[in-house]
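Q: Okay, here's what each chain looks like letter by letter:
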Amino acid sequence: MGAVLREVEVRVLEALPPGQEAVGIEELARRLGLDQSPVAGAVATLAERGLVAVSEESEDEFRAGPKGSGWDGAEFPERRVARALVAAGGEAEIPALAQASGLSTKEVGESLRWLTQRGWAVKDGARLRAGAAWTAGEPALEPDELLLRFLAAHGPARRAAVLAAGEALDAALGRLAQRAGVVDRRERRRRLVAITVDGQALLAGGIESRHEVNELTTELLVSGRWREAEFRAYDVTLPGPAAVPGKEHPFRRILQETRRAFLEMGFEETRSPWVESAFWDFDALFQPQDHPARDMQDTFYVARPEKAALPDPALVDRVRRTHEDGGDTGSIGWRTRWDPALAERCVLRTHTTAATARALYADPKPPRRIFSVGPVFRRETIDYKHLPVFHQVDGIVIDANASFAMLLTLLTTFYRKMGFPRIQFRPAFFPYTEPSVEVFVYLESRQDWVEMGGAGVFRPEVTEPLGCTVPVLAWGLGLERVAMFRFGLSDIREIYLAHLDWLKETPLCRS
Amino acid sequence: MPVLGIPLDELFARYGATIEPAELEHQLHRFGCSVEGWATAFRWRCPSCGTLSEGGEDAAPPPACEGCGADLRSAATPGAPAGEVQVLRMELLAVRPDLFGPEGLARGLRGFLRRESGAPRYRVEPGSFSVDVDPGLAGPGVHRPRIVAAIVRGLTLDDARLRGLMKLQENVHWALGRDRKLASIGVLDGLRFVPLGFDPAQPHSALTPREILAKHPKGTAYAWLLEGNTKAPLLADAKGGVLSMPPIINSEATRVTTATKEVVIDVTGLADRHIDKALAMVVTSLLEACPGAHAETVTVRYAGETRVTPDLAPHEVVLDPAAAGRLIGVPWTADEVAELLRFMRHDATVVDGQVRVLVPAWRSDILHPRDLVEDAAIAHGYDRIPAVGLAAATIGLPQPREEAAVRARAALAGLGFLEVMTLAITSEEATYRKTGLPDDDRQATIENPISVEQTMVRVSVLPGLLETLAINLGHSYPQRIAEVGLVVHADPAEETGAAETMVAGFALAGDGLGYADARSALDALLRETGRDAGGVRYRALDWPLFIPGRGAEVLDGAGERIGVVGEVHPEVLTRFRIIHPVAVAEISL
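Going line by line, the protein sequences match chains E and B. Counting in this note's numbering, the first sequence runs from 88 upward without gaps. Counting in this note's numbering, the second sequence runs from 117 upward without gaps.
Hints may contain errors.
Stated by the list, open to error - Distance condition first, Cα-Cα at most 16 Å in a straight line; then the derived EDC-like pairs of lysine to aspartate or glutamate:
hint, chain 1, residue 1, chain 2, residue 2
1, E, Lys394, B, Glu611
2, E, Lys193, B, Glu687
3, B, Lys377, B, Asp427
4, E, Lys394, B, Glu412
5, B, Lys550, E, Asp377
6, B, Lys297, E, Glu355
7, E, Lys394, B, Glu563
8, B, Lys550, B, Glu583
9, E, Lys452, E, Glu355
Said to hold, decoys possible - Estimated spans, in silico, between C-beta atoms of each pair:
hint, chain 1, residue 1, chain 2, residue 2, range
10, E, Lys193, B, Glu545, 39 to 49 Å
11, B, Pro608, E, Gln384, 28 to 38 Å
12, B, Glu687, E, Pro182, 20 to 30 Å
13, B, Ser246, E, Asp470, 46 to 56 Å
14, E, Ala267, B, Asp295, 53 to 63 Å
15, E, Ala380, B, Ala674, 39 to 49 Å
16, B, Ala526, E, Glu197, 42 to 52 Å
17, B, Glu545, E, Ile419, 47 to 57 Å
18, B, Arg269, E, Ala380, 25 to 35 Å
19, E, Asp450, B, Asp436, 55 to 65 Å
20, B, Glu544, E, Pro400, 53 to 63 Å
21, E, Glu178, B, Glu687, 13 to 23 Å
22, B, Gly497, E, Asp588, 25 to 35 Å
23, E, Glu146, B, Val522, 18 to 28 Å
Simulated from the structure, these hints should not be mistaken for lab results. Please read these numbers as outputs of a predicted model, since none were measured by experiment. Glycine included, C-beta positions come from ideal geometry on N, C-alpha and C.
Excised from the complex, chain E in its bound form:
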């Protein structure tokens, strides 16, 4: 029974020297006048059937490096400098040699070390004197120069080819050891093929070849020849080349999930400027003007623009009176003088609550639900758990029937949507909410409760000056923490100073 082989496989067997001498696949492809890939495919099949033996060897390959390939005529700069030096009478100011040699000042500077090492020149302060090697005319090319010239002329070459060309390779490489980028060396693995005894026996016995195709082509389809073709079976267990899709940042997914959660619950999205007036960031929220959070220590003040325009004077006046003595809100106020100059100051917003306060003033008529997601700024030194920029989601519910119970339920719903089923509420203090609450979620990984943010019912001192008389539920929740827990990060900087490996390896779906 004659064996059935594909045409290309038969040709490979026939092309191999009968004495079982190994041949590189590249060489084999050249002999057959074929591309490497079908030859490699044929070799693999033949090897599986024991008709050829495949071995691997590694060999260095050399090519001109980024620096060396940039030199005109593959000539080392020091040779050009030395030539210019001799032309100038054997001695010259170093800066003058740049123009004389046609090199940049930087290149001349870098060549000094090699001029000295080759004994081509001696440095004397800012002057250079030609060395003895150049007194009797231009010296012959040294091994490293010869190597570069060879590589520039012939392209990448294997060690064997370089040696065959008579180059003093080791001497050249020794010269270049301290000099990166002139000649690059990389390891090349090559596969060698030799015919086996079985292969020889098969050839001797006669083979029948079969028309087998790798790829279905338009030509095969149009001509109808596909009917005669046999499609080579693939090894379907082998992996394909790695591929990573373009995709959104893992933290972006948290931000988008947050937006979606509130949009689904009937919330309207709002926004406020990053450069914000102290009025909207603090005063409208009943944050006293001497509150430590307003210190230069904690808040980024903006030098340009320095001042923001205050809103409607009637609103400013209501806010002022509320701070000073409670105004019409039933409060006693902070009992300190309120200074409009401090309210005009520009800050980088310290929370997205400025956005919901603006939205509340723009339209305080219930029922409304509003949220905003975005970066906020605090004057923090960067370390593994602090950044001067982080993201928050702020939201408010303006509703005649709004209650603290409704707020706690809403926060529970939100964190359940974000993947935190266990939630705890503890009393807290914020200047602009009363009652106030801190939200904790239970982390299985830590076996502990972790604080996620603050919430409460806006104080009447906040809502009434803004024109709202019904309860307003409000919250401001940090989002980086959600991402850190979700993705198991221990360093918040990973989010913003991202390594592409992390971005690629974090899958789109929730782990």
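For chain E, the structure is supplied; the task is to place chain B on it using the hints.
A: Same frame as chain E, now just chain B:
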């Protein structure tokens, strides 16, 4: 936020029982106190002033005596071991300085845990002591024109209580006094003026006020409080002997010790509200700590005004119980609200269906009836509030600007870019000098940067993209990254003086990549985001960021620049140590 260490033995002594640690922590969280943990604190006595200081858990004396500042680790003034104590470490809640000591915290917990109810009564008798305020202090240029004072007699101070008093004073200074700016407390027992920490045996060591500000550690620490003032008050006795120099320091001769049976407490400040509250906190805490003690009033005489202090009269607030219940979402009766408030140590009774609340003088945080609604909710327990769903129908509506960003990100992901997020604040160095964007002097700048790397709000996402490539030099190429986000420019026409633009930028890095690749991705992005509507054209752009002849600006139909694209100049790449060609583009959305 500062952390407070409450000695457990004293807390339980004042509370009247012990509580299991886990239960105490749980109840404190329900009460609104943030427990940091438990610790063993070692105590050390100062050989020069006798004050008891607490060291850390490493059983080494603290470097400075809490009383006089002497170095307790030095051979000259070695601290003597004085036992150890279990402490509860809590974060200070700035609004409740009345809870800052074991006495105040125990007073609160006795109510919250239903052992007592209503406000405790303290014995205050009329006293004969008076303070005359120099009319000169009423004029301009005086940093603290107001004073209140009280006398407490029958004290039984031991080391622990003395230390507690000192700590309370310190913490009230921080929370209510805003680091002594609004209120500064003195507790005095004596007549001569020798500043604390200087040897009373050497009378020549007494300092003048000016010397105190220049030389004494407390003087140099708090001198800023007097800046801009031409006159400062001194507290003197009838013979003219100086007692203290608020807010800086007390006299050595008036130092309170365990032998002290009587003290004069003075609080100076800017406004009566703060100093009245501070005095009430200190006086009532002392009376809680020393059960047999009582207070006496002091008459403060200003020109044309006389006050008798301490003013421990409660402040009356009338609360609508139905409205309170609606706000919390629990259908309370008036009696229930009154009872809950009594557990929070208020006096509360129901009068004509309303709750009449008498808020104790030591509570500084009740500005509005709403604050009492929260007190009732805390006493009820946040963990016992029922679930209530959102009722009204509203419609979810996204911000158009955010949606535009979402679409641009989708297009960029489809084009194979990995999204990165970089910090929105950066520096002029990174933006203009390193990246080579033209400096049009329109960036929003930070007045008080915390680092030279963040001095302005970004005007482009391109510097952040190049920085990201620089972080990933070792990662395989090609690299395709993109960022969509806001950039900011100063703009006087805007309300806040700055205009924001949503931009989309990307970078391609790798051998063989160049202008054509960036241009092709940019054209696709312009098309997918609809930014090419009305036509766009390209014009050569000569920025240092780009290789000459390989940069362009994108102009919309009206000739306005909406973006840039180009191959990054090797000079720029070298500054970022990037060794592969990079092409970038950025457009506004």
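Q: For every hint, state whether the structure bears it out.
A: Quick rundown of the hints versus the structure:
no.	hint	verdict
1	Lys394/E x Glu611/B	9 Å, holds
2	Lys193/E x Glu687/B	13 Å, holds
3	Lys377/B x Asp427/B	22 Å, violated
4	Lys394/E x Glu412/B	51 Å, violated
5	Lys550/B x Asp377/E	40 Å, violated
6	Lys297/B x Glu355/E	43 Å, violated
7	Lys394/E x Glu563/B	12 Å, holds
8	Lys550/B x Glu583/B	10 Å, holds
9	Lys452/E x Glu355/E	14 Å, holds
10	Lys193/E x Glu545/B: 39 to 49 Å	23 Å, violated
11	Pro608/B x Gln384/E: 28 to 38 Å	29 Å, holds
12	Glu687/B x Pro182/E: 20 to 30 Å	21 Å, holds
13	Ser246/B x Asp470/E: 46 to 56 Å	55 Å, holds
14	Ala267/E x Asp295/B: 53 to 63 Å	58 Å, holds
15	Ala380/E x Ala674/B: 39 to 49 Å	44 Å, holds
16	Ala526/B x Glu197/E: 42 to 52 Å	48 Å, holds
17	Glu545/B x Ile419/E: 47 to 57 Å	49 Å, holds
18	Arg269/B x Ala380/E: 25 to 35 Å	41 Å, violated
19	Asp450/E x Asp436/B: 55 to 65 Å	28 Å, violated
20	Glu544/B x Pro400/E: 53 to 63 Å	37 Å, violated
21	Glu178/E x Glu687/B: 13 to 23 Å	33 Å, violated
22	Gly497/B x Asp588/E: 25 to 35 Å	48 Å, violated
23	Glu146/E x Val522/B: 18 to 28 Å	52 Å, violated
In this structure, the hints that do not hold are numbers 3, 4, 5, 6, 10, 18, 19, 20, 21, 22, 23, in rising order.
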